[in-house]
Amino acid sequence: MSKLPPLTRLTGWGRTAASGASLLPVSTANIARSADMAPQRGALVRGLGRSYGDAAQNGGGLVMRLAGSAGEAMLDEAKHEVTVGGGVSIDDLLRVLVPRGFFVPVTPGTRFVTIGGAIASDIHGKNHHGEGSFGHHVRRISLLLADGSTAELSPTQRSDLFWATIGGMGLTGVVLEATIHVWPIETSRCIVDTTRAHDLDHILTMMEEGDHRYRYAVAWIDLMAKGRHLGRSILSRGDHATADQLTGPALDAPRAYSPRILVSVPPIVPISVVNRLSIKVFNELWFRKAPLYRTAELQTIPQYFHPLDMVGSWNRLYGPAGFVQYQILVPFGEEDALRRVIERLASSGAASFVTVLKRFGAANPAPLSFPAPGWTLTLDIPASTGGLSTMLHQLDHVVLDAGGRHYMAKDSHTTPQAIKRGYPRLAEWQAIRNQADPNGRWQSDLGRRLGLIT
Amino acid sequence: MQNAFGEPQTILLLGGTSDIGLAIVGQLVSPTCRSIVLACRNPDAAKAHVDTLGSDGITVTAVAFDAEAYGTHAELIADVVAKVGDLDVVVMAFGVLGEQSDYDNDPVAAAKAVSINYTGSVSVGIAVAAQLRQQGHGRLVVLSSVAGERVRKTNFVYGSSKAGLDGFAQGLGDALEGTGAKVLIVRPGFVHSAMTHGMKAAPFATTPDKVGEAAVAGLRRGRRTVWAPGILRYVFILLRHVPGPIFRRLPLG
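Taken in order, these protein sequences are the chains called L and C. Read in our numbering, the first sequence has 139 at position 139, and its numbers run on one by one without any break. Read in our numbering, the second sequence has 69 at position 69, and its numbers run on one by one without any break.
The set of hints was computed from the structure by calculation and includes no laboratory data. Quantities reported herein were computed from a predicted structural model and do not represent experimental measurements. Just to be clear, a hint being listed does not mean it is correct.
Stated by the list, open to error - Quick partial rundown of chain C residues pointing at chain L, CB under 10 Å, derived from the structure:
id : residue
1  : Gly26
2  : Ser30
3  : Thr119
4  : Val122
5  : Leu132
6  : Asp174
7  : Ala175
8  : Arg220
9  : Arg221
10 : His241
11 : Pro243
12 : Gly244
13 : Arg248
14 : Pro251
To be verified - Below, in silico cross-link-like pairs of lysine-lysine (DSSO-like), each with a Cα-Cα straight-line distance of 30 Å or less:
id : chain 1 : residue 1 : chain 2 : residue 2
15 : C       : Lys112    : C       : Lys200
16 : C       : Lys182    : L       : Lys3
17 : C       : Lys153    : C       : Lys112
18 : C       : Lys210    : C       : Lys200
19 : L       : Lys3      : L       : Lys79
20 : C       : Lys83     : L       : Lys420
To be verified - Every beta carbon over 12 Å from chain L, so not counted as near; a handful from chain C, in silico:
id : residue
21 : Arg34
22 : Asp86
23 : Val108
24 : Gly138
25 : Phe156
26 : Glu177
27 : Lys210
Even glycine gets a Cβ: it sits at the ideal position worked out from N, Cα and C.
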């Protein structure tokens with residue numbers, strides 16, 4: 001047995017609650033041997049560290065970074081499927097897929113997530129209302145198990161472990177490779193309609209009545225607006241542009257795709273530059289910049305899907321105290337609870353830089369999958385905001401009483417009791433997990449903090 | 001695991017009946033908290049605090065802890081971990097003050113005070129640090145004192161034990177750098193508490209609750225040292241450099 005590397009301090013994207021772990025770069029060829037070196041605190045694979053809390057941390061244990069190359073991805077253009085390594089990022093995969101006329105089935109707001117992470121968090125995107133979460137589109141998973149063997153999983157082969165791995169936060173094993181469905185696209189542009197909503201009722205009604213006409217839909221809420229403006233929003237909906245919708249220079253290179261990081265935040269930002277004032281100003285400008293109504297605007301994939309990725313390491317803007325993301329689900333029919341949460345947040349003055357509202361469609365069979373029919377609200381708030389923790393604990397009650405839950409990939413504050421209430425199938429997942437990993441090889445800080453593993 | 005706001009799920013208080021220790025623990029209680037362990041010489045003495053701190057979802061237990069029984073410390077920490085899991089926050093708040101005039105004529109009593117305040121802290125502090133390093137996270141809060149910052153003639157046995165403790169905690173904090181575990185040193189001035197009952201208060205006297213607030217704020221902000229009240233940081237920058245002949249004449253109590 002070789003020696004483990006010394007402890008490295010790791011955090012999630014929100015840069016809170018650090019822990020130290022032995023960080024080891026691995027490849028699919030040597031990962032089974034490396035995982036065997038895990039101390040009693042177990043092993044975990046970490047992708048690009050975009051989970052906001054402690055999902056990709058394993059204090060005192062082994063954390064492995066799985067290398068992956070999109071160049072080895074195998075695209076089956078006839079079946080609309082790609083087979084790709086678990087360590088490959090959506091960023092790298094899109095560079096291969098888009099020029100060949102395909103697009104990932106689901107993308108979150110950043111392209112810097114790995115395929116393994118996308119499966120472990122069962123990520124969702126702007127197309128959830130019609131096309132579901134990432135897990136809906138996974139055809140097959142090659143999973144490294146605790147005993148060092150590799151299992152082939154699919155919705156028909158060992159389906160219980162397949163669905164426990166989707167949304168399983170990396171605690172069932174390591175995704176070595178996956179085959180996923182991909183969408184054919186004619187161009188690398190998106191065609192986008194934008195509408196302003198003057199209050200919460202207006203935005204909810206517009207989304208209920210019109211989302212189904214669009215493939216992608218999401219609303220940005222100005223949480224700094226109060227009173228009769230409460231819930232004022234910008235609704236942005238669209239689809240991939242077809243070849244005949246292109247105009248101007250896009251016509252010359254219909255599938256050109258070259259996403260860039262325009263500027264990066266330096267490693268040390270001594271204080272948070274994201275504060276009440278800057279957030280208020282940003283939100284006001286953002287709202288006013290949006291047109292009352294604009295149709296068929298052509299945008300690039302990075303502009304439409306990954307606008308924040310244009311600023312590298314933007315999480316550093318929050319300074320050393322970091323920030324939390326609060327993402328919750330409230331089922332349809334419980335709009336009053338959603339309203340109470342938004343009212344409470346708006347009146348507290350808790351400043352959220354980016355607040356997003358999205359309608360979810362059907363759930364998938366995964367016991368720990370987050371999305372289910374209902375509304376999901378997402379906020380980013382500086383962790384140093386006074387009284388924030390108490391307020392979030394109170395909001396948890398509103399959400400859970402309404403039958404809602406928390407998105408674990410974003411969570412960094414809630415409790416095991418809240419997870420148990422929000423995910424009634426937790427025990428079922430634990431039974432499958434414990435059968436696949438009886439000695440607790442796979443562990444994480446999130447798993448311990450939220451009582452997923454014991 | 002503590003959450004993003006530094007709210008711990010588990011707390012161990014070494015010195016389970018210490019006013020300052022209990023004030024810190026009381027302010028760390030949140031909906032995140034699930035286990036509190038009060039470790040003190042006589043667990044029965046902590047009974048009232050077990051009842052006060054306990055509530056829905058929080059289990060409070062009292063366990064026996066003898067600062068001078070060095071041989072038991074590693075086992076004590078292992079037992080607590082077996083009971084509650086990872087230690088998120090450990091508060092080291094035990095110690096004795098005593099009267100300098102008594103120590104002047106009793107070398108055994110003086111050595112015993114140092115053995116509790118300093119040697120006992122080193123022993124249990126090492127055991128705690130080993131656990132925090134092994135789990136890759138956790139905070140150790142060490143109750144130091146301004147008495148150790150520049151030791152005065154009126155309480156130099158106590159002051160020197162705190163000076164040693166403070167140095168130990170600084171070195172330990174540096175040694176844990178990068179492991180995910182951290183040490184917070186709390187340096188209070190004169191605190192109105194059971195320990196100082198009947199004594200004449202020194203300037204900038206404070207209360208256990210105020211020290212608790214300063215310690216919890218320090219934890220939230222990831223500080224290495226906090227002073228209570230904060231002004232003492234600057235007072236002692238001056239006092240540290242006052243020449244001996246003048247320092248000896250200062251009416252510092």
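Hint by hint, here is what the structure shows:
Hint status for glycine 26 of chain C: violated, given a least beta-carbon distance of 15 Å to chain L, over 10 Å. The beta carbon of serine 30 of chain C is positioned within 10 Å of a beta carbon in chain L (closest approach about 7 Å), and the interface hint is therefore held. Because the smallest distance between the Cβ of threonine 119 of chain C and any Cβ of chain L comes to about 28 Å, over 10 Å, the interface hint for this residue is violated. The beta carbon of valine 122 of chain C is not positioned within 10 Å of any beta carbon in chain L (closest approach about 23 Å), and the interface hint is therefore violated.
Hint status for leucine 132 of chain C relative to chain L: holds, with the closest Cβ pair at about 9 Å, below 10 Å. Of the supplied interface hints, the one on aspartate 174 of chain C is violated, with its beta-carbon coming no nearer than about 14 Å to a beta-carbon of chain L, more than 10 Å. The criterion of a C-beta within 10 Å of any C-beta in chain L is not met by alanine 175 of chain C, whose closest approach is roughly 12 Å, and the hint is violated. Annotation: interface hint on arginine 220 of chain C holds; nearest CB of chain L at approximately 8 Å, less than 10 Å.
A distance limit of 10 Å between C-beta atoms decides the matter here; for arginine 221 of chain C the minimum to chain L is near 7 Å, and the interface restraint holds. Look at histidine 241 of chain C: its Cβ only gets to about 29 Å from chain L, farther than 10 Å, so that hint breaks. Taken as an interface hint, proline 243 of chain C does not check out: its beta carbon lies about 37 Å from the nearest beta carbon of chain L, beyond 10 Å. For glycine 244 of chain C, the interface hint is violated, the least distance from its beta-carbon to any beta-carbon of chain L being 39 Å, above 10 Å.
For the restraint placing arginine 248 of chain C at the interface with chain L, the shortest Cβ-Cβ distance is roughly 41 Å, beyond the 10 Å limit, so the hint is violated. For the restraint placing proline 251 of chain C at the interface with chain L, the shortest Cβ-Cβ distance is roughly 40 Å, beyond the 10 Å limit, so the hint is violated. Restraint check for lysine 112 of chain C and lysine 200 of chain C: the C-alpha separation of about 24 Å stays at or below 30 Å, so the hint holds. About 24 Å separates the Cα atoms of lysine 182 of chain C and lysine 3 of chain L, which keeps this hinted pair within 30 Å; it holds.
For a cut-off of 30 Å, the pair hint linking lysine 153 of chain C to lysine 112 of chain C stands: about 19 Å separates their Cα positions. About 19 Å separates the Cα atoms of lysine 210 of chain C and lysine 200 of chain C, which keeps this hinted pair within 30 Å; it holds. The hinted pair formed by lysine 3 of chain L and lysine 79 of chain L fails the criterion: a straight-line CA distance of about 45 Å is larger than 30 Å. Restraint check for lysine 83 of chain C and lysine 420 of chain L: the C-alpha separation of about 22 Å stays at or below 30 Å, so the hint holds.
Listed as a non-interface residue, arginine 34 of chain C fails to keep its Cβ farther than 12 Å from every Cβ of chain L; the least gap is roughly 8 Å. Here aspartate 86 of chain C does not stay apart from chain L, with its beta-carbon only about 7 Å from theirs, under the 12 Å limit. For valine 108 of chain C, the requirement that its beta carbon stay farther than 12 Å from each beta carbon of chain L is met, with the minimum near 42 Å. Distance to chain L contradicts glycine 138 of chain C as a non-interface residue, since its nearest Cβ pair spans about 8 Å, not more than 12 Å.
Every Cβ of chain L is farther than 12 Å from the Cβ of phenylalanine 156 of chain C; the closest lies at roughly 39 Å, confirming the non-interface assignment. Under the 12 Å C-beta cut-off, the non-interface status given to glutamate 177 of chain C relative to chain L is violated; the minimum distance is some 9 Å. Consistency note on lysine 210 of chain C: stated as away from chain L, and its beta-carbon is indeed over 12 Å from all of that chain's, at 18 Å minimum.
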